[in-house]
Amino acid sequence: MSKRSLTALISLITVLLLVMAACGGSNDTSKANDSKANNDNNDANHNSQLSDGEVYEFGSEELELTMFGNYDWYSMPAWGDDLASEWMKENKNVNITAIDSGGEAAQKLSSMIVANDFPDFIWTDKGADVERLREAGKLIALDDYMDKYPNLKEWLSEDAINMLRSEDGKLYQFPNWYNSEPFGNAGYVVNKKIWAELGEPEINTPDDLYHFLVEVKENYPDIVPYETHVEAQGVDLLYSAFAEGHSPADKRIKAVPEDDKLTPLFNNENYIESLQFANKLFREGLMTQDAYTQDLEQVEEKILNGKVAVYAGASPTEFATDGHYRLLEEDPDAGYIMIPPIAKEGLNRDNIHPGSYEMLGWNVAVIPVNDEDPGKPEKVFAFLDWLTGPEGQSVQNFGVEGTYWDGFDDEGWPIFTEEYINDPDGIAAIVNGSTNHQWVGNSNFLDTAKANFTMELPVEDRLWATHWQWEVTWPTQKDQTDYYAITPMPEEAEGEILQHIDDIADEAIASAVQNAKDEDEVREIMLQAQADAEAVGYDQLLDYLTNKWQENLEKLGW
Amino acid sequence: MDKLTKSDCLMVGFIYVALLLLVFVTFYPFWNSLVISFNSGQDTSLGGVTFWPREFTLENYEVVFKDKRLVNAFLISILRTVVGTAMSVFVTAMLAYGLSKKELIGRKYFMIFCLLTMFFSGGLIPTFILIRGIGLYNNFWVMIIPTLVLVWYMIIFRTFFQQLPKELEESAQIDGASTWGIFLRIALPLSIPVIAAISLFTAIFHWNDWFLPTIYITNDKLIPIQTLLQRILNSNTATQAMANLDAGSAAHFSKMVTSFTGKSLSMAIMMVATIPIILVYPFVQKHFVKGVLIGSLKE
Amino acid sequence: MKSDEVISKERMDEKQKSFVLVKNDDNNQSPKTPKQKPSLFKRYFKQFDMQLLVIPGLLLILIFNYFPMYGLVMAFQDYNIFEGFWNSEWAGLKHFKRFFNDPKFFEVMRNTIVLSSLKILIIFPAPIILALMLNEVRNMMFKRTVQTITYLPHFLSWVIVAGFATSMLATDNGSINILLEKIGLIDQPIRFLSIPEYFWGVIIGTNLWKTIGFNSIVYIAAIAGINPQLYEAAAIDGASRLKKMYLITIPSIMPIIVIFLILDIGNLLSAGFEDLLLLGNNPVLRSVSEVIDTYVYRVGISNGLYSYATAIGLFKAVISVALLTMANQIARRTENSLW
Chain S
1 MSKRSLTALI SLITVLLLVM AACGGSNDTS KANDSKANND NNDANHNSQL SDGEVYEFGS
61 EELELTMFGN YDWYSMPAWG DDLASEWMKE NKNVNITAID SGGEAAQKLS SMIVANDFPD
121 FIWTDKGADV ERLREAGKLI ALDDYMDKYP NLKEWLSEDA INMLRSEDGK LYQFPNWYNS
181 EPFGNAGYVV NKKIWAELGE PEINTPDDLY HFLVEVKENY PDIVPYETHV EAQGVDLLYS
241 AFAEGHSPAD KRIKAVPEDD KLTPLFNNEN YIESLQFANK LFREGLMTQD AYTQDLEQVE
301 EKILNGKVAV YAGASPTEFA TDGHYRLLEE DPDAGYIMIP PIAKEGLNRD NIHPGSYEML
361 GWNVAVIPVN DEDPGKPEKV FAFLDWLTGP EGQSVQNFGV EGTYWDGFDD EGWPIFTEEY
421 INDPDGIAAI VNGSTNHQWV GNSNFLDTAK ANFTMELPVE DRLWATHWQW EVTWPTQKDQ
481 TDYYAITPMP EEAEGEILQH IDDIADEAIA SAVQNAKDED EVREIMLQAQ ADAEAVGYDQ
541 LLDYLTNKWQ ENLEKLGW
Chain F
1 MDKLTKSDCL MVGFIYVALL LLVFVTFYPF WNSLVISFNS GQDTSLGGVT FWPREFTLEN
61 YEVVFKDKRL VNAFLISILR TVVGTAMSVF VTAMLAYGLS KKELIGRKYF MIFCLLTMFF
121 SGGLIPTFIL IRGIGLYNNF WVMIIPTLVL VWYMIIFRTF FQQLPKELEE SAQIDGASTW
181 GIFLRIALPL SIPVIAAISL FTAIFHWNDW FLPTIYITND KLIPIQTLLQ RILNSNTATQ
241 AMANLDAGSA AHFSKMVTSF TGKSLSMAIM MVATIPIILV YPFVQKHFVK GVLIGSLKE
Chain D
1 MKSDEVISKE RMDEKQKSFV LVKNDDNNQS PKTPKQKPSL FKRYFKQFDM QLLVIPGLLL
61 ILIFNYFPMY GLVMAFQDYN IFEGFWNSEW AGLKHFKRFF NDPKFFEVMR NTIVLSSLKI
121 LIIFPAPIIL ALMLNEVRNM MFKRTVQTIT YLPHFLSWVI VAGFATSMLA TDNGSINILL
181 EKIGLIDQPI RFLSIPEYFW GVIIGTNLWK TIGFNSIVYI AAIAGINPQL YEAAAIDGAS
241 RLKKMYLITI PSIMPIIVIF LILDIGNLLS AGFEDLLLLG NNPVLRSVSE VIDTYVYRVG
301 ISNGLYSYAT AIGLFKAVIS VALLTMANQI ARRTENSLW
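Top line first, the protein sequences correspond to chains S, F and D. Residue numbering for the first sequence is 1 to 558, as defined by the working numbering. Residue numbering for the second sequence is 1 to 299, as defined by the working numbering. Residue numbering for the third sequence is 1 to 339, as defined by the working numbering.
No wet-lab data here; the hints were simulated from the structure. Fair warning: there could be bad hints in the mix.
Cβ-to-Cβ under 10 Å is the rule here; a few derived chain S residues that face chain D [stated by the list, open to error]:
1. Lys138
2. Lys548
3. Gln550
If we take Cβ atoms under 8 Å as the criterion, some of the chain S residues that face chain D in the derived model are [unchecked claim]:
4. Asn93
5. Val224
6. Leu296
7. Lys302
8. Val536
A virtual CB, placed ideally from N, CA and C, is assigned to each residue, including glycine.
Starting from the given sequences, assemble the full structure and let the hints guide the process.
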């Protein structure tokens, strides 16, 4: 045997031995983990409650909780540093520490799963991660607790509970910012000064909009006539002007409901028409030429400086509020207004929806199984339930009882004091301190509580955004709870198809808007996209979506 | 000094002009970031802040410096950087020196063994299981030991060692010096420029790394400055922006927060995070002076 | 001629090198002669002090790099994190097939190779040229200032760099368009960021800007390590600066250049990541900006498809090793090789 191959052999054997030794070790630990996990599965439902009938009184003892916010951008501000959490710490004996995502939330969650070492609750998006945890038996079902503790059951509608239930019929997710009233901010913001200087033209139809934008371009060369926010949101919005009864959510799921089926988006006449209109705006320089590439900073700069005539997006109110007040400082006639959504001639304007919402809210808190302290999950629930109730919500949003509010009225709404009107900065400070602790916000409660109060204010004292939400955006958003969780999981066969369809759609739509030379080319591009989509299994995906959608409709009783 | 010919003058002139241009182009964004970090956040969002702050303020830095954990995190970072760099450079240099020896048995296989790790990796989960298994989880040394050998830098080291003049080592060998003696007393001193460069790279790696502590450290007392600063940034910007929102737009906001942060604050945080390590460079530079040691050794 | 002396000195060095080589070759060949063949074991322990140099490093690599590699089996499984590596279902080559059958496969491969090649062609030599230029600067103050400033962009994150690039290149009020309009070169702003044809240029430009100074450090260190007697001899000969650069500086740093080039070729399938995600991850540019790594992130990792991501990573690693081997084989002719 030559010296070389001998060396190779020796080193190979050494490596193998060492690897095997190391593997052997880990093999044991991971098996141990697995069996532990299985036990959890079996015992979860039995052990996770305090002894039957006993109700845990939140605040009656020291409660140390840990939480994890499953977002790269999320870092929990220290508990007790702001007024609301300081009060809870002292009066309700609850202390919360966070496991930080450090900008790598997915990795951090994986490491918790591998170590089988979870915090007391996890704050995360609805959907895939929750489902995976649930399937592995790592989550506590909340149904039993819900009967014992009053608030979630009272404030979350029956429909919403049904929608949030998992396949096994149990509820695992505690929603955040759930709402049964319409909400959402999608719509068209108009630069008041430019609009006035051009003679306050009516902007009711796409044609009106087009003529207005042409005027703007001629008279104000350094103003962007139609600003679309990032990711060309303003283009998606235009679909609603051509499709009565539909919202841009159709574009998100790449399907259009027709009767009891979901049909293709690409060759939908209304959709093509909206793209042809958008293409015309782009071609003639009436739309921002950076529609698909700009970042938020660039948009913000334009809005704050009043450099746009019309600004459309899924939530234009944020920048527009700041911009409005800034422009007002320099010129009392300047600022922004919102217009009712435009619609093609002949369509019923009361049934036009530039945006949509789900009454299930934004995201959820879930409670993992706890084998060391099986009674803990119930305590966690008791805390969250308290937090989502009137007392918790009031403390987090209106401060400690006695300053800005004092007790509840007969119907259970907080009674605001004079201070609440006179000290908006104080209120802002409270909300500022507690927003990142709002894991189970209760919009049903807050919106009504605030509405009762806001309605009493004169129009000029209302916040710009609040005013236009009442006047324009809330009444025009579409309840699209029927689209909740209808898209397939990425690992399913349909999930792979969806990914291809999304790619095809993204590129075709952008190309139709930016590159097409005329209306016919827009149509050509979209029909080609339809053909491409069919080739990768669009029909199969549409069937899948239709099924899920029908299930939702049934649950909702629509 | 050497005389310049006409063509030399032309060349040197061209070089100075090109370098000046490069300096301007590379300096402006950094300067602008510094300026923005001293500008009020609200004013910054209007755009147009270029060479000088428009609304000077220290508020962005106050947010950073009022955090009680800052000093501790700073010390952890320094400790990690100093210990990590010293140990890593030494172990890496040892490996590189050994592998630079043609007579080392198994050299070629060892080299391939090292190189493969640049392309194949088992991923986070098995590494995590390993780290927990050997007790490095939540341990200061998790930031030092797993990254002691940096293959890329080993390759640079080795290339330099291979170029060392052989006569010196040979004469030392004849004088009875051991391999280790030659490594410590001849090879290392002759390689000061490359040691300086690689120490700099390694120090920057240790100072900037936030991934290892994110995954493997939960104890707040062991968190280095990069990790802490990221938390300060996240909790401040998310709070500032979200406080203005109502419930409905919160969902929308969650998507935008990743790309949208308070620019002035994030610039201030970046400055606090990077200036200490940037200041290391001028100290390293003096070791890039030519061949002083070679001369002295030859005496 | 005096300059001949310089050259002859170089030759001397080369001779010495080859002398060492010959000596080694003798050693290598000696076991072939039957009379004296010390066993590998014996020879290993004879040079154990030398082996001791590499043992700690190799052990660390074994533990922290090789041991976790069992995770690669995930590429052949439908890995489920709750089931672990031992209980997840086997999927065979399913994930590899999915990648090869993806309609985007060829586009992704093309972008990867084109962008990488452009980077090797332009980004790779730039810091060498910078180092050579700095070497000609005699004013130490100026030299150090240039070095320090050009290395600053390395510390700006890609998020910040991309932010600068997008705002400078914007169509609405982008400084570059304003400048070009003022000079009168154009009368309509150019859509630098939304026309695919410009994208590769934008990426190369920003990368060049960000990396040139930092990457030149290693060459500056290499130049600093050159024996000054070589220059002294050349100076006595009256060699021009350009000539010295050709005859001394460049050949002296050639080994490190060659090694870096081999490694860069091995990394041909890593064409960038953050820069491409931040500047090119939009539907207008995806057809030219999507490379393997961004595809893995967008389709695999963000969807939690870890098996899929691992399979593509494995595919990439195998190709990379093949490329590296090839490059190394070619480099052997220059006597600079990795193994």
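message: Please list, smallest to largest, the hint numbers that this structure does not respect.
response: Of the numbered hints, 2, 3, 4 and 6 do not hold.
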